[in-house]
Each structure stands twice: as C-alpha cells, then as structure tokens.
Amino acid sequence: MDFWREIFMALGRNKLRTFLTGFAISWGIFILIVLLAAGNGLMNGVSEEFSDQSKNTYMIYRGETSKPYKGHGTNRSIWFNDKDIRFLETEVKEVDQVSPRIYQSGFANFGDKSGSIFVQGVRPVFKDINNTKMLKGRFISELDEKSSEKFIVIDDNLRKKLFDDEVSPLGQFVIVSGIAYKVIGICESEGRSDGGNGYVPFSTLKKITRKNWYWMLHFTVKGLETKEENEAFSEYLRTQLAHLHEFDPDDTSAVYIRSTQEEYLQTMKIFRTFELFIWIIGFAMLISGIVGVSNIMRITVKERTNEIGIRKALGAKSRSILASIVTESLIITTIFGYIGMWLGMVAAEVGGNVLSKVQEGKEISLNIIPSIDIRIVLMATALLIVCGVLAGFFPARNAVKIKPIEAMNYR
Amino acid sequence: MIRLEKINKTYFGAQPLHVLKGIDLQVNEGEMVSIMGASGSGKSTMLNILGILDNYDSGNYYLNGKLVKDLSENEAADVRNRTIGFIFQSFNLIPFKTAMENVALPLYYQNVNRKKRNQIAMEYLERFGLKEWADHYPNELSGGQKQRVSMARALVTQPKVILADEPTGALDSKTSAEVMQILREVNQSGITMIIVTHERGIALRTNKIIHLKDGIIENIETNNPDCIDFDKEIK
Chain E
1 MDFWREIFMA
11 LGRNKLRTFL
21 TGFAISWGIF
31 ILIVLLAAGN
41 GLMNGVSEEF
51 SDQSKNTYMI
61 YRGETSKPYK
71 GHGTNRSIWF
81 NDKDIRFLET
91 EVKEVDQVSP
101 RIYQSGFANF
111 GDKSGSIFVQ
121 GVRPVFKDIN
131 NTKMLKGRFI
141 SELDEKSSEK
151 FIVIDDNLRK
161 KLFDDEVSPL
171 GQFVIVSGIA
181 YKVIGICESE
191 GRSDGGNGYV
201 PFSTLKKITR
211 KNWYWMLHFT
221 VKGLETKEEN
231 EAFSEYLRTQ
241 LAHLHEFDPD
251 DTSAVYIRST
261 QEEYLQTMKI
271 FRTFELFIWI
281 IGFAMLISGI
291 VGVSNIMRIT
301 VKERTNEIGI
311 RKALGAKSRS
321 ILASIVTESL
331 IITTIFGYIG
341 MWLGMVAAEV
351 GGNVLSKVQE
361 GKEISLNIIP
371 SIDIRIVLMA
381 TALLIVCGVL
391 AGFFPARNAV
401 KIKPIEAMNY
411 R
Chain A
1 MIRLEKINKT
11 YFGAQPLHVL
21 KGIDLQVNEG
31 EMVSIMGASG
41 SGKSTMLNIL
51 GILDNYDSGN
61 YYLNGKLVKD
71 LSENEAADVR
81 NRTIGFIFQS
91 FNLIPFKTAM
101 ENVALPLYYQ
111 NVNRKKRNQI
121 AMEYLERFGL
131 KEWADHYPNE
141 LSGGQKQRVS
151 MARALVTQPK
161 VILADEPTGA
171 LDSKTSAEVM
181 QILREVNQSG
191 ITMIIVTHER
201 GIALRTNKII
211 HLKDGIIENI
221 ETNNPDCIDF
231 DKEIK
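Protein chains in written order, with our numbering: chain E, 1 to 411; chain A, 1 to 235.
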C-alpha cells in the first residue's frame, strides 16, 4: 500500500519530530496514570484506616416498658426472639446482615487454670460489624454456624489466664459451664476490662442454653446516607417492634435503638471529600495532558505547512493530505499512548511493591499502596489519543486551506 | 496555450486591494515568456492564477483550450498535476525525501505505482546529470543541484506549461546561467515556459518580456536572446 508506505516513510524520516510528539503523549499518559494510582492508593489507605467506621451499624438492646399498653402493665421486659430476626432479615429492605447475640457468663477451664468468661453466641458477620481483629486462627464461619459446631474464639485476656505463653491454644479444648469447646481463634481484647470474652456460633449457644430470647440484635444497614434518613429508620424500627411486642410506640425505654450513623456519616463525608479531591487532581492532570499533546500536535502541523503547500502545488488533493496527517498522528498517539500507559502501570505496580516492602512489619498509620482502575486508565488514554488527533486535525485543516503559495512561503 | 481575458483580482482585507486590473494576455504553445515588474505590481498574483493556485474575480482564463474557472479544489489539483510544472525560487523540495523521491512525488498523486515512478524519476534525474545524487537528501545538494532536482520534478509529469517563479533568485550568476540554459532547452522541446523575474538579465533570455505595473500590462517587449551577448549584458 503506497499510502501506508508514504506515512511510515514520513514518520521514519522525521525521527526527532516523531519522538517529540510521541514523548509528549507518553509522558502525559504516564503522569496521569501514576497520579491516579497514587490517588487511589491514598484513598484505599484512608478507607482501610476508617474501615471500622465505614459501616452503618444498628444495635437494638432489650429494655423494659414504662407505659401500660393494650392491657400490659409497666416494667415488662422486652426480649427479642426468632420472629424479630426473621422480620429484620426479610421485611426491612435496608437491613444488610443480622447478628443476634445471646450470652452466657461463667467460668472457663483449661487443665488446672480457669478464668471468668462472658460467652456470646454470634454469627460470622459479627466479626465485621464489631471489627474484631484476629490475632491467631480464624473466626466463626458460616459452616460452623450451620452445623452448630462447639468451637470457640477467645480473646487475648482469656488466653493469658488459661494458657502459658509456650502453649498454643489453637486446637485445645476449654470447658465452659460443663461444655468442651475447641479453640479455633484468638482475637484482640476489647475495651479496658480484663474480663475474658469468648465467641461461639450463635446456633450452638442457642441449643446449649435453650434460649429463644436474645438481649441484643446487631445488624448493618445499607443506603441510609443522611441524618434524616437514619432518624426516620429508627422511628420505623421502633413502631414495627412495638407492633410485634405489643408496647406503646412512644415508649422509648421498651427497646433501645443505637446506631453508628454519626461516625458513619462523618466517615462518608471524609470519603466524599477525598474522592472529589482525587477526581479534581485527575481531571487537572488530564487537562494538562490534553493541552500538552494538543500543543505539540499543533506545532508539528505548523512545521509541516511548508510541506503541505509543496504537495498541493504538485497536485495533492486536500483530502489526501489531511488523511495522511491524521493517520500519522493517530499512529503516533496510539503507539506512544500505549507505551505511556504501559510504563505508567509498571511504575504504579513497582511503586506499590516497594511501598508494601517498606511498610512490611511496621506499625503504620496509613497504608498507601498505589492501585489502578483499568477502565479509567483506558478511558483516559483513549481521550488523550482522540484529543491528540483532533488537535492535529484542526490546524492541518487550516494549513490545507491556505493557498499553496502562502503555505510554501510560510516560515 | 494560455489566454487571459480581462482578468480582475481583488484581495479583500481591511482595505480592499485591486491587484490585477483587467489583464489580457496570449501565450502561444512553445513560447518562452517572462513577466517583469516591481514588487506589488501583481506578478505573483498573476502567477498564482496561471498556476491555479488562486482564483480570480472576473474574466476568463483558458489553459490548453479549456476554460479554467470556478474549479473545485480537486479539479484544480488535477489540472495542476497534469498540465503545469512549477519551479520555485526556494526550490521547495521536501527535506525528508531523497532527490529521487522528490522527483517522483507528482506521480504519486497520479497513482503511478512506486516502481514505475521511481524508474521515471531516475530517467529525469539522469537527464539533468543527477543520477549519482538520486539517494541524497536536499540538504546534501548544492543550490544548482537543488534547482535541477526541482526542474526534474516539474517535468516528470510531462506538463504542457512550466511556471517558474524567480527560478534563479537564490543562485549565483554562473549557476543562474546554467539553469536558464536548461530552461531554454526544455522550452525548445516544445514546452511553454513562463518565468517571473525581476532580473533584466534573466528576462532577456526569453522571447517575450511582459512588463507589469500596478496591475496592468504596461508593454510587451519582443526579444531575441540569440542576438544578445550575455557576458556583456549581465553584471
């Protein structure tokens, strides 16, 4: 194909021009990707830091009625039961995951050692809701819950009481109120008290204690983004529970509804601000990339005005000149754009590896690992290429419109 | 070969400029004509119109018996490519193409295949004594060689008319004389030649000197170059 031969000849013979144009494009895309990756990394770091506050969690505690209602007297304890769980899980669309809690307090024994324990029957989701940090082993799984395994996760306080440091607690059996539980994990102790805590599958403890009343329902919600929405939701919960348990909907002491909405909303606000910040940076980078690419394309075409004039005088049609210039810029921008994209991703990857090496084993406040969203990268690259070609097209069209004599004398 | 009838051309800028004011001119096939005039006399504009590089406002321009008027850009490009050869003061060779590729370029726009056009280009280069320079780039050539390359390029399509805009403007007098000698030979092969110049010595090597002043033809001087002793006349 003669057309292509002409184009590659022109590209090959003008190595410096080709290189400069290509470099501008590669550089623009490279910087864009590296910054986007860094921004994303920062964002991820922040998300991780705030992950315990990034879920909107509701807790409903049992209470006692303070108003007579439908023939019931006051001071009646309201306990939750399976009906409440089913109601939350199936009828309230905002509810994400529910973990009811039952408890049992007593003593735990291992060999000749013992310690007081507060055992809670929880579901696997409790770990996320409560942001429980595992030190060893694992938390209760869905399977444990389903088959009511006699497994226990103990906190560090209890571990210290029951086990010598050289003994590995995992796989050992501890006796709690006459039942032997196999230790499957150690978690961080919560709060200030030195009392021991233990977590067993909800279904297990339910069977053992034969309780169908729970002191607390714990669940996460989705889609409640404002204070008003959260207040309305609490109100709705109270009326529904009042209906199920026959207490006065205005009785605020019958059940206590607490939520982490304030922290959650605060965190979301920080997130939004951060996201916006990163988008602004990305956008600014994209703009400067476009400006850079456009400028070099414009200069390239200006430089060719002379050549365009000569070709026209020799009988070239405007369209054929335009076609070859646009094809040339398309080839340059695509090839170098691809190179820039590739280098940017490699740089982000390498940067990420280096950072995680550096941070390994250190107590760090913010875990910033660059990461890239490939779709955004592709979109940005495509946009830069299109802009580069357009930036070449318009001056080329103008150059083609100039009378050949003027174009030839252009300096 | 070329007939101009009452050609008018005005440039509409901030202040309209009436550049050509009713030019009538007849150039016969095989003639060698020069156009002289001070800058601003309209000679460049006239050359642009003759070369279909610019259009005119009123009048008629017949080239090779055909009216050249209101041509589309593509038609104009075609006529230029097939009937007119250009030679410029600054040579206007494409710097990143070899001598041969430069000469072959007009044939590219006639869709002649590469092998064929390079072969034709080589023939013309050989004719101008540039065979050994075929693979050199313009910046490796002397001024005279560059102008010979551009003459080869002008002739490669076997045009009817050669338009030369100050063809010796960038050359020393010895090279100028050589170039004019070649142009004469080309003319003698039957190609009509129009040369724009402001050098009397160049004009004197043509058969007809057209004096242009303020957009009108002042007078036409007939001239016989064979009776002139150039060693005495020029510089």
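No lab work stands behind these hints, which were simulated from the structure alone. Honestly, I wouldn't trust all of these hints.
[Stated by the list, open to error] Cβ pair distances, simulated, as ranges:
#, chain 1, residue 1, chain 2, residue 2, range
1, E, Gly12, A, Pro16, 44 to 54 Å
2, A, Gln15, E, Arg375, 25 to 35 Å
3, E, Arg5, A, Glu132, 31 to 41 Å
4, A, Glu73, E, Arg375, 51 to 61 Å
5, E, Ile299, A, Lys115, 30 to 40 Å
6, A, Ile220, E, Gly12, 43 to 53 Å
7, A, Gln110, E, Asp373, 49 to 59 Å
8, E, Tyr338, A, Gly13, 24 to 34 Å
9, E, Tyr338, A, Ser142, 58 to 68 Å
[Stated by the list, open to error] Residues from chain E shown here face chain A by an in silico Cβ test under 10 Å; the list is partial:
#, residue
10, Gly115
11, Leu286
12, Ile310
13, Arg311
14, Ala313
[Unchecked claim] When the alpha-carbon atoms are kept at most 25 Å apart in a straight line, the in silico DMTMM-like pairs for lysine to aspartate or glutamate are as follows:
#, chain 1, residue 1, chain 2, residue 2
15, E, Lys403, A, Asp54
16, A, Lys69, E, Asp156
17, E, Lys401, A, Asp24
18, E, Lys403, A, Asp24
19, E, Lys317, A, Asp24
20, E, Lys403, A, Asp135
The structure displayed is predicted, hence computed values, not measured ones. Note that the Cβ used here is the ideal one computed from N, Cα and C, for glycine as well.
*Can you list which hints this structure breaks, lowest number first?*
Violated hints (numbers, rising): 2, 3, 4, 8, 9, 10, 11, 16, 17, 19 and 20; every other hint is consistent with the structure.
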